[in-house]
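**Q** Here's the letter readout for the chains.
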Amino acid sequence: MSDFSTGAIVDDDLDLSAAKGRSKSHEAVAAKTAAWGGKGLNAAIGVSAVIMVAGIVLWGVQLSGGMVQTGMRNLSSWGLYITSFMFFVGLSAGGLIISSVPKAFGIAGFGGISKVAVMSSIACTVAAIGMVVVDLGQPARLWELFAYSNLGSPLMWDIVVLGTYLILSCVYLWAQVRADAGKVSHTALRVISIVALVTAVLVHSVTAWIFGLQQGREMWHTALLAPWFVSSALVCGTALVMVVAIALRRAGYLSLDQAYLVKLAKLLGAFVVVDLYFFGCDLLTEAFPGGSGAEVVAMLTAGPLVPYFWTEVVGCALCAVICFTPALRTNALLVAGSLLAILGIFCKRVQLLVGGFQIANLDYAGPLTPMQHTAWDSGLSGIYGGMVYWPTPLELGVTLGVVALGVLVFLLGIKLLPLRPKDDEAPSE
Amino acid sequence: MSGSRYGFAIDTIRCVGCHTCSIACKIENNLPDDVIWNRVLTNGGASMDTASGTFPNLSKEYVTVACQHCENPACVKVCPVGATFKDPDTGAVRQDYDKCIGCRMCIAACPYTGVRSFNWDEPTHSIGFAVGDTDAPEHQKHTVEKCTMCWHRLARGEEPTCVEACLAKARHWGDLDDPNSEISKLIASREYKQLLPEEGTKPSVYYLV
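Respectively, the protein sequence lines represent chains A and U.
Residue numbers for the first sequence follow our numbering, so the first one is 7 and each next one is one higher.
Residue numbers for the second sequence follow our numbering, so the first one is 388 and each next one is one higher.
Honestly, the hints are just simulated from the structure, not real lab data.
Worth double-checking, as some hints may not be accurate.
Claimed, not checked - Estimated spans, in silico, between C-beta atoms of each pair:
1) U:R577 <-> A:A153: 57 to 63 Å
2) U:V596 <-> A:V327: 37 to 43 Å
3) U:A552 <-> A:G392: 48 to 54 Å
4) A:K45 <-> U:D483: 26 to 32 Å
5) U:P475 <-> A:A323: 52 to 58 Å
6) U:E578 <-> A:P295: 27 to 33 Å
7) A:P313 <-> U:D565: 51 to 57 Å
8) U:I410 <-> A:A55: 31 to 37 Å
9) A:G385 <-> U:E578: 42 to 48 Å
Said to hold, decoys possible - Calculated from the model, a selection of chain A residues having no Cβ within reach of chain U, i.e. all distances over 10 Å:
10) V63
11) Y154
12) N156
13) L161
14) T170
15) V249
16) G362
What the hints assert, rightly or not - Covered by chain U, according to a simulated footprint, are these stretches of chain A (three or more residues, beta-carbon under 8 Å):
17) 177-186
18) 262-270
19) 297-305
Just so it is clear, CB atoms sit at the ideal spot from N, CA and C, and this is done for glycine as well.
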C-alpha cells in the first residue's frame, strides 16, 4: 500500500485520502471534483454498509433458523442465490474484458475508464463469491474445499478459477495504477492483461459447466452453454461499464469523450446480437427434433417462464436497436438500453436456473412432504403448474445484502484508490 | 465382499404399493420428520394409487424409488469435497454428513428427481426421541442425505432393511457381479427395466416387469 501512496503523490492524481489536494490538471471538472470523497459518496458508502450489515444479520437468521425459511426445497434445490451468482460472475466480465482487450491486442481502447471498469469487475466478483457463500448450508466447512478438494468437480474448478480471477483483477488494477506512475512497463501490463483476459473467458466457461455438464437437467445440458455464458457476460458486463461510465462522467469523476461511449455502444450492440443468436440456435436445436427438448422450449415460450423469456428477448432487442441507431445514442437512451440488457440477462439467469428444476425427470405421483417443495400439499400439478421456485423475503434480504457488499467494495475503490484517468491519457490506453 | 457391485431387483408384479419398505427405511435410519429416502411412486394417474387410461384399459404400476447406487454416479463426480462417494467394496453410493458443505451440487446433478434430500431445518422427530439402528449415522441440519443401502447393516453382514421388511417379497438385494447370486439369476431370467437408462448413469436398481 505504501507503493500506492508513493505513486499517488508522484502523479498528483492518485490520491488515497481523496479529500486532500486535487490535481491542477483537473480544473475543468474542479467544481464537481470538490464533491468527490465528500458527503454524497460517504453517504452512499454508509447506506451500502448498513444494508450489508442488515444482510449479514438476515444470513444469521437463515443459518440459525434453518434454510427452511427460504423458498428452496429438494425439488428446487437452488434459487435466487445461485441465480445471482451466475449473474454477478457475468457482470464481472465486462469491466475486465473492456479494459484488457485493447491492451492485450494493442488496439485503441475506451478512454480513461479502464481502471474504473476493472474496479467494477472486482466488486462484482466479490458479490458473486458472496452469493455462493450465503447459499451454502455449512459455510463453516468452507475450509474443506481446500483440504478435501475433489478436482473433478466443476464447482471446485469454479472456486479455483474465481479465486484466481479475483486476485488477478486486483493485480491487474494495481499494475495499471503502477503503470500510470511509470513503475510498470507497458510490456508487463500487456502480459498481465492477456492472462487476465484468458482467465475472464475461463471463469465464465467454468461457471457454465457447473450447469452444462449435468446430463440430468435437459435445459442445462448443452455444449453451447459455455460460449453462451461468455456472450451473456459480455452483454451485461459491457452494459454495466456503460452505465458506470456515464454515471461517473455525470458526477464529474472522470471526463470521457462521447466517441468512446459510441464505440462502447457499438460493441454492446454486437454482443447483444451474438447472445440472441446463441439463444436462437439453442432453442432451434432443442425444439426441432420435437422430443423432450420441445418441452424446454414450450416452458420458455408458453409455460411458467414466459415473462422472463420475453423480457430477455425484447429487452436485448431494444438495446441492440438503441446501440446500432446513431440518432438514438443519447446518454439517457444508452443508459436505458444498458439497463434493459442487464435486466434481460438477469431474466436469462432466472430462466436457466428455474428451468433446470421446472422439468422433472421422474414425475410419477407419490408421497410429498414440506421438505420436497413449499407447495407440497397441492400435488405435482401445484408444484410444476407455476414456477417451481419463488424466493422468500429472507432470501431477497440476504441477496440485497450481498449486492450491497459489491456496491460497497466499488464505492470504497472509487473513494480510496487512484482510479481516475490521467489527463494526458492517450486514446490507446 | 471386496470389489463387488451390490444392487436391488424390485419385482413390480409382486409389489402391492403398501409403503412398508418406505416406513421400514424411515424407522431403521431414524429419518427426520418429512424426510423419505425410499418413496413408493405410482406410475399411473395424476394422483397416488390411481391408474392411467380409461376403463377397461387401465394400467397402474408401483415404482419404489430411492438412490439408484449408480455404477457411474453423477453426484459423486460433482461433489467438491468428496462427501458423496462410491464405496469400493459394495458399489454403494455413500454420503458423509460430517464432510458435506451443503452446496447441493449433487441434488442438481442427480437425474433421479427427488432422490436426494437436504435437511432444510434442524432434524426433528415427531415422537421426541431417536428410533432405529444405533449404528445409523446421526442426521445433520443443512446437509444432503439419501439412501445408504443401509450401509451400517451391510457392514455387519446384514441386508438392507427395506428388503427384509417387504411383505410381498418383491425386493431382492445382492451381488450383481456374481453370476450365481440370486439377484443375478433373477435379472437374467426376467424382463426388467431401469430408470432413465439414457442418462448413462448405469443404475444398480432393476425393476422386474
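**Q** None of the hints should be skipped; say for each whether it holds.
**A** A quick look at each hint next to the structure:
Between U:R577 and A:A153, the C-beta spacing of about 46 Å breaks the proposed range 57 to 63 Å. For U:V596 paired with A:V327, a C-beta distance near 57 Å fails the hint of 37 to 43 Å. Between U:A552 and A:G392 the CB atoms are about 38 Å apart, so this pair departs from the stated range of 48 to 54 Å. Checking the proposed 26 to 32 Å range against A:K45 and U:D483 shows it is violated: the Cβ atoms sit about 53 Å from each other.
About 54 Å separates the C-beta atoms of U:P475 and A:A323, a value consistent with the hinted range of 52 to 58 Å. For U:E578 and A:P295, the Cβ-Cβ distance of about 28 Å falls inside the hinted range of 27 to 33 Å, so the restraint holds. For the hinted restraint 51 to 57 Å between A:P313 and U:D565, the CB-CB distance of approximately 55 Å keeps it satisfied. About 52 Å separates the C-beta atoms of U:I410 and A:A55, a value inconsistent with the hinted range of 31 to 37 Å.
Our hint of 42 to 48 Å for A:G385 and U:E578 is violated, since their Cβ atoms are close to 32 Å apart. Residue placement check: A:V63 keeps its beta carbon more than 10 Å from all beta carbons of chain U (closest about 18 Å). Not every CB of chain U lies more than 10 Å from the CB of A:Y154, the least distance being 4 Å, so the non-interface label is violated. A beta-carbon of chain U comes within 10 Å of the beta-carbon of A:N156; the shortest separation is about 5 Å.
Taking the minimum C-beta to C-beta distance to chain U, about 4 Å, the non-interface status of A:L161 is violated against the 10 Å cut. Distance check on A:T170: its Cβ is at least 16 Å (rounded) from any Cβ of chain U, clearing the 10 Å threshold; non-interface status holds. Residue-level check passed: A:V249 sits 32 Å from the nearest beta carbon of chain U, beyond 10 Å. Residue placement check: A:G362 does not keep its beta carbon more than 10 Å from all beta carbons of chain U (closest about 7 Å).
With a cut-off of 8 Å between beta carbons, the segment 177-186 of chain A has 0 residues touching chain U; three or more are needed, and the interface restraint is violated. Using a Cβ-Cβ cut-off of 8 Å, 0 residues of the segment 262-270 of chain A lie near chain U, which falls short of the minimum of three, so the contact claim is violated. Counting residues of the segment 297-305 of chain A whose beta carbon lies closer than 8 Å to any beta carbon of chain U gives 0, which falls short of the minimum of three for the stated coverage.
Checked against the numbered hints given earlier, this structure breaks hints 1, 2, 3, 4, 8, 9, 11, 12, 13, 16, 17, 18 and 19; the rest are met.
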